Amino acid sequence: QQSWTMTSTWPSSLELIEMDKHFVDLANKLAGDEVKIDFYEGGSLVPAGEVFGAVESGTIQAGADWPGYWAGRDPAFSPLATHASLFNAVDYVNWIQQWGGADIYNEVYGRFGMVYLPYTVTNNESGFRTNAPIRNTADLKGKRLRLSGLEQGQLLERLGGNQVSMAGGEIYQSLERGVIDGAEFSTPNVDYSGGFHQVTKYWSTPGWHQSSSVFGVMINKAAWDALSPGAQEKLKIAADATMLWSLAFTEKRATEAYGKFQEAGVEITRMDDETLAEIQTIANSVIEDAACASPTSAKVYLSQLEYLNDYKSWRDASAPFNLGRTPNGPDIEKIRACAGQ
Amino acid sequence: MLIRLIDGINEIVGRIVSLVAIIFAAMIIYDVVMRYVFNAPTRWAFDVTRQLYGFYFIMLGGYALRHQSHVRVDLLIEHLSAGARRWVEIAGYFIFFFPFTWVFLTRSIEFAQRSWNQGETTYGSVQLPVYPLKIAMAVAAGLLFIQGISEVLKLVLHKEAKNDFA
Amino acid sequence: MISPELIAIVMFGLLVIGLFMGHPLAFVLGGTAVLGAVIAGKPMVLGIIINRIFGDVLDNFTLIAIPLFVLMARFLSDSGVTDKMFESLRLLLAQVRGGLALAVVFISILLAATTGIIGASITVMGVMALRPMLQYGYSPSLTAGVIASSGCLGILIPPSIMLILMSSYSPLSVGELFAGAMVPGVLLGLLYAGWVTIVAIVRPDMAPAVQPDEKISRGALWRMLAVEAVPPLVLIIGILGTMLAGVATATEASAIGAALALVIVIMRRKFEWKTFYGALLETGRTSAMILFIVVGATAFTGVFNITGGLRAVQDVMRGLDMAPWMLIAVMMFIVFILGAFLDWTGIVLLSFPIFLPIVQEMGISLLWFVVLMAIVLQTSFLTPPFGYALFYLRAIAPSSVKTSEIIAGVMPFIGLIIAMCLLVAFFPSLVTWLPENLYGPK
Ligand code: NA
Ligand code: NA
Numbered sequence: 001q002q003s004w005t006m007t008s009t010w011p012s013s014l015e016l017i018e019m020d021k022h023f024v025d026l027a028n029k030l031a032g033d034e035v036k037i038d039f040y041e042g043g044s045l046v047p048a049g050e051v052f053g054a055v056e057s058g059t060i061q062a063g064a065d066w067p068g069y070w071a072g073r074d075p076a077f078s079p080l081a082t083h084a085s086l087f088n089a090v091d092y093v094n095w096i097q098q099w100g101g102a103d104i105y106n107e108v109y110g111r112f113g114m115v116y117l118p119y120t121v122t123n124n125e126s127g128f129r130t131n132a133p134i135r136n137t138a139d140l141k142g143k144r145l146r147l148s149g150l151e152q153g154q155l156l157e158r159l160g161g162n163q164v165s166m167a168g169g170e171i172y173q174s175l176e177r178g179v180i181d182g183a184e185f186s187t188p189n190v191d192y193s194g195g196f197h198q199v200t201k202y203w204s205t206p207g208w209h210q211s212s213s214v215f216g217v218m219i220n221k222a223a224w225d226a227l228s229p230g231a232q233e234k235l236k237i238a239a240d241a242t243m244l245w246s247l248a249f250t251e252k253r254a255t256e257a258y259g260k261f262q263e264a265g266v267e268i269t270r271m272d273d274e275t276l277a278e279i280q281t282i283a284n285s286v287i288e289d290a291a292c293a294s295p296t297s298a299k300v301y302l303s304q305l306e307y308l309n310d311y312k313s314w315r316d317a318s319a320p321f322n323l324g325r326t327p328n329g330p331d332i333e334k335i336r337a338c339a340g341q
Numbered sequence: 001m002l003i004r005l006i007d008g009i010n011e012i013v014g015r016i017v018s019l020v021a022i023i024f025a026a027m028i029i030y031d032v033v034m035r036y037v038f039n040a041p042t043r044w045a046f047d048v049t050r051q052l053y054g055f056y057f058i059m060l061g062g063y064a065l066r067h068q069s070h071v072r073v074d075l076l077i078e079h080l081s082a083g084a085r086r087w088v089e090i091a092g093y094f095i096f097f098f099p100f101t102w103v104f105l106t107r108s109i110e111f112a113q114r115s116w117n118q119g120e121t122t123y124g125s126v127q128l129p130v131y132p133l134k135i136a137m138a139v140a141a142g143l144l145f146i147q148g149i150s151e152v153l154k155l156v157l158h159k160e161a162k163n164d165f166a
Numbered sequence: 001m002i003s004p005e006l007i008a009i010v011m012f013g014l015l016v017i018g019l020f021m022g023h024p025l026a027f028v029l030g031g032t033a034v035l036g037a038v039i040a041g042k043p044m045v046l047g048i049i050i051n052r053i054f055g056d057v058l059d060n061f062t063l064i065a066i067p068l069f070v071l072m073a074r075f076l077s078d079s080g081v082t083d084k085m086f087e088s089l090r091l092l093l094a095q096v097r098g099g100l101a102l103a104v105v106f107i108s109i110l111l112a113a114t115t116g117i118i119g120a121s122i123t124v125m126g127v128m129a130l131r132p133m134l135q136y137g138y139s140p141s142l143t144a145g146v147i148a149s150s151g152c153l154g155i156l157i158p159p160s161i162m163l164i165l166m167s168s169y170s171p172l173s174v175g176e177l178f179a180g181a182m183v184p185g186v187l188l189g190l191l192y193a194g195w196v197t198i199v200a201i202v203r204p205d206m207a208p209a210v211q212p213d214e215k216i217s218r219g220a221l222w223r224m225l226a227v228e229a230v231p232p233l234v235l236i237i238g239i240l241g242t243m244l245a246g247v248a249t250a251t252e253a254s255a256i257g258a259a260l261a262l263v264i265v266i267m268r269r270k271f272e273w274k275t276f277y278g279a280l281l282e283t284g285r286t287s288a289m290i291l292f293i294v295v296g297a298t299a300f301t302g303v304f305n306i307t308g309g310l311r312a313v314q315d316v317m318r319g320l321d322m323a324p325w326m327l328i329a330v331m332m333f334i335v336f337i338l339g340a341f342l343d344w345t346g347i348v349l350l351s352f353p354i355f356l357p358i359v360q361e362m363g364i365s366l367l368w369f370v371v372l373m374a375i376v377l378q379t380s381f382l383t384p385p386f387g388y389a390l391f392y393l394r395a396i397a398p399s400s401v402k403t404s405e406i407i408a409g410v411m412p413f414i415g416l417i418i419a420m421c422l423l424v425a426f427f428p429s430l431v432t433w434l435p436e437n438l439y440g441p442k
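Protein chains in written order, with this note's numbering: chain A, 1 to 341; chain B, 1 to 166; chain C, 1 to 442.
Each hint should be verified, as a subset may be incorrect.
[What the hints assert, rightly or not] In silico DMTMM-like cross-links for lysine to aspartate or glutamate, where the CA-CA straight-line distance does not exceed 25 Å:
1. A/Lys21 - C/Asp78
2. A/Lys260 - A/Asp33
3. B/Lys154 - C/Glu282
4. A/Lys221 - B/Asp31
5. A/Lys143 - B/Glu11
6. A/Lys201 - A/Asp273
7. A/Lys36 - C/Glu436
8. A/Lys143 - A/Glu176
9. C/Lys42 - A/Asp38
10. A/Lys252 - A/Asp38
11. A/Lys143 - A/Glu170
12. C/Lys402 - B/Glu78
13. C/Lys274 - B/Glu11
14. B/Lys154 - B/Glu11
15. A/Lys36 - A/Asp25
16. A/Lys334 - A/Glu157
17. A/Lys141 - B/Glu11
18. A/Lys141 - B/Glu78
19. A/Lys201 - A/Asp289
20. C/Lys42 - B/Glu110
21. C/Lys42 - A/Glu34
22. A/Lys260 - A/Glu170
23. A/Lys260 - C/Asp315
24. C/Lys42 - A/Asp225
25. A/Lys29 - A/Glu233
26. A/Lys36 - A/Glu18
27. A/Lys21 - C/Asp315
28. C/Lys42 - A/Asp33
29. B/Lys154 - B/Glu89
30. A/Lys201 - C/Glu436
31. A/Lys29 - C/Asp315
32. A/Lys201 - A/Glu170
33. C/Lys402 - B/Asp47
34. C/Lys270 - C/Asp78
35. A/Lys141 - A/Asp289
Worth flagging that the hints you see were computed from the coordinates, not collected in a lab. Keep in mind it's a predicted model, so treat the numbers as computed, not measured.
Same shape as in the complex, but just chain A:
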């Protein structure tokens, strides 16, 4: 019997850790006779930013993450984690399970000696929480906004705002004392647990910077290979089951939190379609530039855009009973050219 040590990028105070615990419980129930996963909350073994290195080097066998944290090691981790105005949660599920996405995760993580099991999708993030309303792109000009991610930062800067990188734990205080003008953090339920309704008056939806997100577990390749095919299969089943659960769980929790923000007197505004179309155009150019700056990133984006193209006909035909929208996304031929180099 194998014994794995697993940690997470999330501390116990953030609800995101529930997804990790759900997966670990399920995995131990299904495959516990062959591999026992011992889970430690984020920060207790290694700091969040070092989870990648600890799994890569084999110090620990598994680490729960959000792939975007590793974009400094390879820009391709960014589209594996989230998109600026592209996929929704179901798009990620479709792409991962049926359009070859799972293999791409393993290819990118594989370069670092790891196997990846995506097991959480969350739909659209909240958007920005501010003390001056943001209703259109003009309102973003000159604002210092806490935002994470590479494409996200470039998009904000092209819209005239300034990206401030800041750990989750520092956001509350920084909002309170005006060090930043606003912040995005996560989905409404996670934001509510962070107390943002106490320090901001306005909430601007939708979360165009992060249309949906993927989370999962990195597994050291040597530890993975030491398992029997049967146990590997069971872990994959646990991941798939967690993914479906996570989608419904977060949407329910986000809905509850939306109501709580309303009760707390936060004024919620939604950007109009015209503004969103304007942001989409700029997001497309940011994605094209990011893809052309890195061949691996281009490869990921190309696969994702091919899925969108492929799915477009049936998705649009089934409107309005379809799953989400077909975005007027980036120029696929431009990205194909960059991926080919």
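Position chains B and C with the ligands against the provided structure of chain A, taking the given hints into account.
Below, chains B and C with the ligands without anything else, positioned relative to chain A:
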């Protein structure tokens, strides 16, 4: 000879790196002024000052050891004879210091190599390289390790820590 | 493989042995981490030592304030502000019984609100006040006790590098902790002043009233005091004011504080390149000393956790099945005992991962708990054999002051610290009132 060489290296490193505090203090103040007076915060100050701070203190570990600035409880060994006290101190280096600094040195070399090979950067819109700080950590571990050798030699050879430069 | 319980015992055993061997604390912690991993039969976990050193200490934005506060304290003592303030307050309080001792307490409270470390204030007060107090017939033990214990207020009354470290390793913000420690810190200083007054009344031989040699008019005295009080007030407003009012972060405030202190040095025409460079070198050594303890402690706690030692200790504490207040009392007693042997940095890093989850499970205010612990840690500077305040004072005091007199002198003040803990335990609003008014209830 070896003692003088090692002490000299850490003394020079310490005297130069100590100045870095002024640099990151100035950067933070510059950023504060730009933010509150001109409403134009810098894009880089946050990441750069953070890296400079890490570089600053980690590089000074060997220098602090050379000046015996690391705190210790010596009230108990004070009662020992000078000879016994020296041997207890030497044993302390072999039981605790060298195992730790050896792991610190060898593992941080691997750590820095991986970062270098990946060309690791920060992941925001300002992409600052991370590997220089990781390389500095490995160098700092080396400086600390050799300073330990110098301190043990001083104990073995009955040499009091002399301040060649001060 | 050996059991987690045994690993916990072995690691703490090694820690005690290393400390008693007189080896630097930073490397005892780091060495114990390495030996612990090897003894546990898990040498592969050594990798997390590097991950933790990098992520928790090098790449940690909140800790930038530590070298900057150390630097500010150095600039401040170079500026001579404290000397002048003490002089005027000494003259002012000359005819009051115990006036010199009261002057020490009040200057220390003021100084505490401008510096974030101890060292500086004890050294300055030791040099300034020790000889006059002995000369005018104050008892050596009261003299030593009041200087040593008042000097430690700098690390309880914000700004404080201890509170910054505590914030960095807990879910609490620096602002909350600063606001939470403010009232208890100042109150502890006032307790000291009250105690000194009582001693002066009950035992006039220990704290006599003295006629100053110099004679200056009351008016001139007040003017002098007003002038001398300006620079520290500028610093207090510059650092604490901007922070608590929400204009600057702790890191920004520390940089502003260092710059303001340097400006005061220059305005007082005390600036010399040589002392300036000397201040930088000393700041470098002191910062490396503090932060290397953090390095060693983070290595220790990482290995302690992954080998199961941490969970074993927590299970033992949970298994005690005590009322929450009893468990808190036990934790504080452990901190008090550790304080006799360990540096505060080590205590915070070793005890936080064990205590904080248990405190959170009990549904007790974390802010209240951490501030209570900060107060208890005041004793760690004063309890032998390992107490910074004792070391500093020993280094300054003339040999006519016996070490036993210094230790006897701090004992009543340790009692006052414990009394302050009880006050905070029975009136938690002493901690929570200010943060709630500044930031609203959590
Ligand atoms: Na202070
Ligand atoms: Na002590």
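* Sort out which numbered hints this structure fails and list those numbers smallest first. => 1, 2, 4, 5, 7, 10, 17, 18, 19, 23 and 33
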